[in-house]
Amino acid sequence: MNQTFIRRAALVSVTVLAAFAAGCASVAVSGDAIEQNTTTALGLAKGSFTISDRVNDGFKSSYTVKTNAGKQYGCYVTGTVSYFGRQVSDAVCTEVGKSSKAAAPSAAPAGGSCNAPLKAAGKC
Numbered sequence: 001m002n003q004t005f006i007r008r009a010a011l012v013s014v015t016v017l018a019a020f021a022a023g024c025a026s027v028a029v030s031g032d033a034i035e036q037n038t039t040t041a042l043g044l045a046k047g048s049f050t051i052s053d054r055v056n057d058g059f060k061s062s063y064t065v066k067t068n069a070g071k072q073y074g075c076y077v078t079g080t081v082s083y084f085g086r087q088v089s090d091a092v093c094t095e096v097g098k099s100s101k102a103a104a105p106s107a108a109p110a111g112g113s114c115n116a117p118l119k120a121a122g123k124c
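Per this note's numbering, the sequence shown starts with residue 1, numbered consecutively.
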């Protein structure tokens, strides 16, 4: 067979395989990537939590994290496979029973004056 034909066939095969895997989080997101990204997101050491209930849905992998201290988090990462390799997002986690919105830091306004709208907004 012609070397050019073999190279093209191999390239087409790899391209088709990558296209099928690109939208599949189960292929793109490894357990190790989930663990590493979770340690970064929650500021925990490896081994200080367990991951369970992983569900892959298209580009997204959702999972539950339980810390050795007893806290529980719902987390997810997204992932794809591309020409450049696996691409996995940072983990996004919310403590179970808590709001997903980050609380704005409470700070007194410059000048030390506090009025009713600032009090209502929790700024002082």
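Be a bit skeptical, because a hint or two may be false.
[What the hints assert, rightly or not] So the derived label-pair ranges between C-beta atoms look like this: (1) Ser-113 to Val-92: 36 to 44 angstroms; (2) Ala-121 to Arg-86: 36 to 44 angstroms; (3) Thr-64 to Gly-85: 37 to 45 angstroms; (4) Gln-72 to Asn-2: 55 to 63 angstroms; (5) Gly-43 to Leu-118: 45 to 53 angstroms; (6) Ala-69 to Arg-7: 28 to 36 angstroms; (7) Lys-60 to Gln-3: 36 to 44 angstroms; (8) Arg-86 to Val-55: 38 to 46 angstroms; (9) Lys-71 to Gln-3: 14 to 22 angstroms; (10) Thr-40 to Gly-70: 27 to 35 angstroms; (11) Arg-54 to Gln-3: 21 to 29 angstroms; (12) Gly-58 to Asp-90: 41 to 49 angstroms; (13) Ser-52 to Ala-120: 39 to 47 angstroms; (14) Asp-32 to Gln-72: 19 to 27 angstroms.
Note that these hints are calculated values from the structure, not bench results. These numbers come from a predicted model, not from an experiment. C-beta atoms are modelled at their ideal positions from N, C-alpha and C, and glycine is treated no differently.
Verification of the supplied hints:
1. Ser-113 to Val-92: 36 to 44 angstroms: 37 angstroms, holds
2. Ala-121 to Arg-86: 36 to 44 angstroms: Holds: the Cβ-Cβ distance is about 42 angstroms, inside 36 to 44 angstroms.
3. Thr-64 to Gly-85: 37 to 45 angstroms: Taking Cβ atoms as reference, Thr-64 and Gly-85 lie about 27 angstroms apart, which means the hint is violated.
4. Gln-72 to Asn-2: 55 to 63 angstroms: Roughly 59 angstroms apart at Cβ, these two residues keep to the hinted range, so it holds.
5. Gly-43 to Leu-118: 45 to 53 angstroms: 31 angstroms, violated
6. Ala-69 to Arg-7: 28 to 36 angstroms: 55 angstroms, violated
7. Lys-60 to Gln-3: 36 to 44 angstroms: With Cβ atoms ~41 angstroms apart, the hint holds.
8. Arg-86 to Val-55: 38 to 46 angstroms: The hint (38 to 46 angstroms, Cβ to Cβ) is violated, given that Arg-86 and Val-55 are roughly 19 angstroms apart.
9. Lys-71 to Gln-3: 14 to 22 angstroms: 59 angstroms, violated
10. Thr-40 to Gly-70: 27 to 35 angstroms: At roughly 21 angstroms between Cβ atoms, Gly-70 and Thr-40 fall outside 27 to 35 angstroms, so the hint is violated.
11. Arg-54 to Gln-3: 21 to 29 angstroms: Distance hint for Arg-54, Gln-3 is violated at roughly 43 angstroms.
12. Gly-58 to Asp-90: 41 to 49 angstroms: 18 angstroms, violated
13. Ser-52 to Ala-120: 39 to 47 angstroms: This hint holds: roughly 41 angstroms between Cβ atoms.
14. Asp-32 to Gln-72: 19 to 27 angstroms: 22 angstroms, holds
Going through the hint list in order, the structure does not satisfy hints 3, 5, 6, 8, 9, 10, 11 and 12.
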